[in-house]
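Asker: The hints should help you fit chain B onto chain A, whose structure is shown.
Residue strings, one per chain:
Number of protein chains: 2
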Amino acid sequence: MIAQTPKTPYYAVIFTSILNDEIDKEEYSKTAIRMVELAKEQKGFLGVESAREEIGITVSYWKDLESIKKWKYQSEHTLAREKGRSEFYQSFKTRIVKVERDYDFFIL
Amino acid sequence: MIAQTPKTPYYAVIFTSILNDEIDKEEYSKTAIRMVELAKEQKGFLGVESAREEIGITVSYWKDLESIKKWKYQSEHTLAREKGRSEFYQSFKTRIVKVERDYDFFIL
Chain A
885 MIAQTPKTPY YAVIFTSILN DEIDKEEYSK TAIRMVELAK EQKGFLGVES AREEIGITVS
945 YWKDLESIKK WKYQSEHTLA REKGRSEFYQ SFKTRIVKVE RDYDFFIL
Chain B
885 MIAQTPKTPY YAVIFTSILN DEIDKEEYSK TAIRMVELAK EQKGFLGVES AREEIGITVS
945 YWKDLESIKK WKYQSEHTLA REKGRSEFYQ SFKTRIVKVE RDYDFFIL
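Heads up: the protein sequence lines correspond to chains A and B, in order. Residue numbering for the first sequence follows the working numbering, beginning at 885 and increasing consecutively. Residue numbering for the second sequence follows the working numbering, beginning at 885 and increasing consecutively.
Simulated from the structure, these hints should not be mistaken for laboratory data. Don't take each hint at face value.
To be verified - No more than 20 Å apart at the CA atoms, straight line, and that leaves these computed lysine to any residue pairs for SDA-like:
1) A/LYS924 x A/THR962
2) A/LYS982 x B/TYR987
3) A/LYS982 x B/ILE902
4) B/LYS953 x A/LYS953
5) A/LYS956 x B/LYS977
6) A/LYS891 x B/TYR987
7) B/LYS924 x B/ILE902
8) B/LYS914 x B/GLN926
9) B/LYS914 x B/ILE902
10) B/LYS982 x A/LYS924
11) B/LYS947 x B/LEU922
12) B/LYS977 x A/HIS961
13) A/LYS977 x A/SER901
14) A/LYS977 x A/PHE989
15) A/LYS982 x B/LEU922
16) B/LYS982 x A/THR962
17) B/LYS956 x B/SER901
Just chain A, same shape as in the assembly:
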């Protein structure tokens, strides 16, 4: 689903990653699904978009930088991030961005 976000400005985290070759796919998938559920419960969460082919891209949208910071250090998320570094990911890049303008096109 394309995230239905409010009027700009708002913030986002672009998380781009490459998985390790030999990981427990089921454990990874469970963790990824749980992190989306958990993010949705956080204050300031606005939406999330995700796709994976050669690389995975997950963009989560947030009301402000404070919400992003709190999410980063949320305890269960911190454990998952540690697992990400030690097991799941060969490499990743995280970008904190401010959404300045947006426009869309929907056929209803």
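Answerer: What follows is chain B alone, placed relative to chain A:
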């Protein structure tokens, strides 16, 4: 590939889309590949990341807003964008963002 971008700040376009059910996949694929090639030739282009499952996410990175504006109105890109609206996409959302901070993790 995870885009190797310079020190922040820089800019990005997050393009999220859902394809129409009945499109000419080959034509779409050719157009998408050509647009990446063309973007790479533009002044201020820094990199691109892309993945598609239920939704497609393409993030292109740019030096500044001026480069993004020029890319938007580049003539061949404008034709492709029109085809996107009229043929390829059921819906899309475009977000212009400023990358304020980033960090990464690579196992070499």
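Asker: Would you mind marking each hint as holding or not holding in the structure?
Answerer: Evaluated hints:
no. : hint                : verdict
1   : A/LYS924 x A/THR962 : holds, 16 Å
2   : A/LYS982 x B/TYR987 : holds, 16 Å
3   : A/LYS982 x B/ILE902 : violated, 23 Å
4   : B/LYS953 x A/LYS953 : violated, 31 Å
5   : A/LYS956 x B/LYS977 : violated, 26 Å
6   : A/LYS891 x B/TYR987 : violated, 27 Å
7   : B/LYS924 x B/ILE902 : violated, 24 Å
8   : B/LYS914 x B/GLN926 : holds, 19 Å
9   : B/LYS914 x B/ILE902 : holds, 17 Å
10  : B/LYS982 x A/LYS924 : violated, 24 Å
11  : B/LYS947 x B/LEU922 : holds, 16 Å
12  : B/LYS977 x A/HIS961 : violated, 28 Å
13  : A/LYS977 x A/SER901 : holds, 6 Å
14  : A/LYS977 x A/PHE989 : violated, 29 Å
15  : A/LYS982 x B/LEU922 : violated, 26 Å
16  : B/LYS982 x A/THR962 : violated, 25 Å
17  : B/LYS956 x B/SER901 : holds, 17 Å
In this structure, the earlier hints numbered 3, 4, 5, 6, 7, 10, 12, 14, 15, 16 are contradicted, and the remaining ones agree with it.
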